[in-house]
Amino acid sequence: MDAVTQNGEPEVLFDPRGLVELDETVPNVAEIHDGRARFDAKDLTTRKVNAELRRLVYEEGVGDVTILNPSARHSLGVGILTRCKITFEGSLGYFGVGLIDGPEVQINGRVGWSVAENMMSGVVVIESNAGSLAGAALRGGDLVVKGQVGARTGIDQKGGTIIVMGNAGSMTGFMMQRGRQIICGDVGPGLGDSMYDGTIYVAGKVKALGIDCVEGEWTDADSELIERKFRIYGLGEPPEFQKFVCGKKLYNYDSLEPSERKLVL
Amino acid sequence: MCGIAGIIYRDGGGERKVGRDMTAMLQAMKHRGPDSTGYALYRPESDGFVMHVKLMESNNGHAEFEFAERLRRQRAEVESRVVALGAQVTDIKPATDHAMTITFGFDGDLKQLADYVEDVRGTEVLSLGKSLEIVKDLGDAKTVAGEYHLDDFVGTHAIGHARMATESDVDIANAHPYWAYPFPDVAVVHNGQLTNYHQWKRRLERAGHRFQSECDSEIIAVYLAERMAQGDSLEDAMQRSLRELDGVFTYICVTEDALGVAKDELGAKPLVLYESDDLVALASEEIAIRKVVDREIETYDPYEGEVMVWTR
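Those protein sequences? They're chains V and A, same order as listed. Our numbering puts the first residue of the first sequence at 1, with every later residue one more than the last. Our numbering puts the first residue of the second sequence at 266, with every later residue one more than the last.
In short, the hints are calculated from the structure, not lab data. Predicted model only: the values in this text are computed from it and were never measured. Be aware that a few hints might be false.
As the list claims (entries may be wrong) - The calculated lysine to aspartate or glutamate pairs, modelled on EDC-like cross-linking and capped at a C-alpha distance of 16 Å, are:
| hint | chain 1 | residue 1 | chain 2 | residue 2 |
| --- | --- | --- | --- | --- |
| 1 | V | K207 | A | D300 |
| 2 | V | K207 | A | E563 |
| 3 | V | K42 | A | E530 |
| 4 | V | K42 | A | D559 |
| 5 | V | K243 | V | E257 |
| 6 | V | K42 | V | E89 |
| 7 | A | K407 | A | D300 |
| 8 | V | K146 | V | D101 |
| 9 | V | K205 | V | D186 |
| 10 | V | K146 | A | E571 |
Turn these sequences into a full structure, and let the hints steer you where they fit.
Following this line, the structure appears as C-alpha cells:
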C-alpha cells in the first residue's frame, strides 16, 4: 500500500491508539461543468473523497457528481442528506453509501458488506454483485442489485424496496419489519426468519423458509408493484414470483406503537 | 475481526514474488488486526525440508538477564537434535534473534523429529515441509515482511493473516497461520471463533496430538491433519469440518499444491473472491485484492456452508 500521499507526507491509514488527527481538509480537485462535477479518487484518502463530495453537493450545489476509481474502499459516499445524483465508476468496499437520505446513486461495479445501510430515501443501483447485509435496516427508497447478494439481505428492514436480480444467501429478510424484497434468483436457507411484517417475493428456488415465514396470498397490488419497479429500472419482463409474508405465530406481545394504539382503541 | 488472505497463481508453474503480494494484501487490511501478522508461503518444491523454529520469546520487550545466552544455548540444542536424528543439515540461518530456519535432507519420521525439537524448552516448530514456510511475528505486515525479508520471497501460493486477538494472548505462539502438525506442507488461517474448542482439543489430545497455543484456530489445522491422516482428501476434510466445528468461521487451508476455503453455515465472516485465468485471490475485503490486481474486477462473496478448493 502506498504510505505516502500526493504531497509527500506519510499517510496515516490506521492508528490503534486513536491519537492521530486525520487530515480533513477539502482537496478541491473536482472539475465542474454545467452543474456536473467529476473527480478522481485514486490518490485521495477516504476522508478526503467524502469531504470533496460533501463540498460539491452542499456548498457548490452540484446536482450530478461522478467519482472515478473508488478502488473498493470502505465508507464512501456516506451520510449525504440531499437530493443529487452520484455515480461511482468502480467498486466500493464495506458500508458504501450508508446513512443517506435523498441521493440517486449509480455504482458501476461491485459493493462489499452493508451497502445503503439505513437509507431513508433515494435510489441505489448496483451494476454487479453485493456482499452480505445489503440494505441492512433500510428505512425507505429503492436498492437495486443487478448481480447476486450475500447473506442477511435487508436484515431489520423497516421500509423501502430491495430488488436483487441474482441469487441471495441465507437469512434473507431476517427480522424484517416492513418494506419489500424482490429476489429474482434462488435464496438460501432461513428466508424471512423471524420477520415481523413486510413482503418477500422470490422467483427462484427457496432452500428453506425461516421460522414464522409463510407463503402469502397473491393480489393484484403485488403484480402492479413488481411491474412498476421493473419498468422504472428497465429490468425487462418480470419473472413469476412466489410471495412470502410473516405467519404471525411468534406474535405473543400486546404492546402497540402509540399511533397504532390510538387506531385500535 | 481478523483479516485473512490467500493467493494462488494458476498460470502453470508461474513463480512470482508471492511474499511481496501477500504483504500488500495484508497491509491493506491492517485495520482488521494490527496485533500480529503471519504468512504461510510456498516456494517451488525442493529435495530437502525447511523447518522454521521459534525460540524463546522475551516477555518484556528488552533482553532479560542472560536472555541472549539462553537463546544461543537453545539454538545449539535444536541444531544438535536435528543432526542427532540423522538429518543432513545443509543450511542454518537465524531468521531473527528469536527464530531460526534449518534446511536439511531427511528420510526418517518427521513427527519424531518435530517432537524432539519441540522438546527443547521454549521452542516451537512453526512449519516443516518441502515447500511450506511459515513466518509469524508481532506487528503489521510491513514490519514482519521487513524483519524476515519476505519481499524477495518467490513462490507459487500463499496465505496470510492480520490478527486482532479476541480469544487468546498477543504473542507469536497464538498468531496464525498454524501448521497442521505433523503433516508437512499444510497450513491454516482463520477468521472467527470456535465454540466447541475445548471439546475438540480434549478429543484430539487424547488421539495424541499436541497443541502449542491456547488459540481456538489451532484446532482447525490439527483437525484437518487428523482427517487427512485417516484418508480424507482436503476437500472432504473441509466439508466435514462444517458439520463438526461449531461457531463462526471463514478459514483458508493450503497444501503444497492446493488452496481451499470454507465458510460456516451462517456466512457470518466475510470473504471476497476473485478468480481469473492466471490467479485466484481471496481476502476478507476486496481492498486487499485490489492491491494485487489494480483494476476494476468482478468479485463475489462465496455463500454460507461453501467449500472451494483450487489447485495450481
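Outcome of the hint check:
1. A distance of roughly 40 Å separates the Cα atoms of K207 (chain V) and D300 (chain A); the hinted pair therefore is violated under the 16 Å criterion.
2. Of the pairs offered as hints, the one joining K207 (chain V) and E563 (chain A) is violated, with about 26 Å between alpha carbons and a cut-off of 16 Å exceeded.
3. For the hint pairing K42 (chain V) with E530 (chain A), the CA-to-CA distance comes to about 37 Å; that exceeds 16 Å, so the pair is violated.
4. Under the criterion of a C-alpha separation no larger than 16 Å, the hint pairing K42 (chain V) with D559 (chain A) is consistent with the structure, at around 11 Å.
5. For the suggested pair K243 (chain V) and E257 (chain V), the alpha carbons sit about 26 Å apart, so the restraint of at most 16 Å is broken.
6. Restraint check: the Cα-Cα separation between K42 (chain V) and E89 (chain V) comes to about 11 Å, which is no more than 16 Å; the hinted pair holds.
7. Between K407 (chain A) and D300 (chain A) the CA atoms are separated by roughly 13 Å; this keeps the pair inside 16 Å, and the hint holds.
8. Note on K146 (chain V) and D101 (chain V): the hinted pairing is violated, with a Cα-Cα distance of about 22 Å set against a maximum of 16 Å.
9. Between the alpha carbons of K205 (chain V) and D186 (chain V) the distance comes to roughly 5 Å, so the proposed pair stays at or under 16 Å and holds.
10. Between K146 (chain V) and E571 (chain A), the direct Cα distance comes to roughly 22 Å. Violation of the 16 Å bound is thereby established for this hinted pair.
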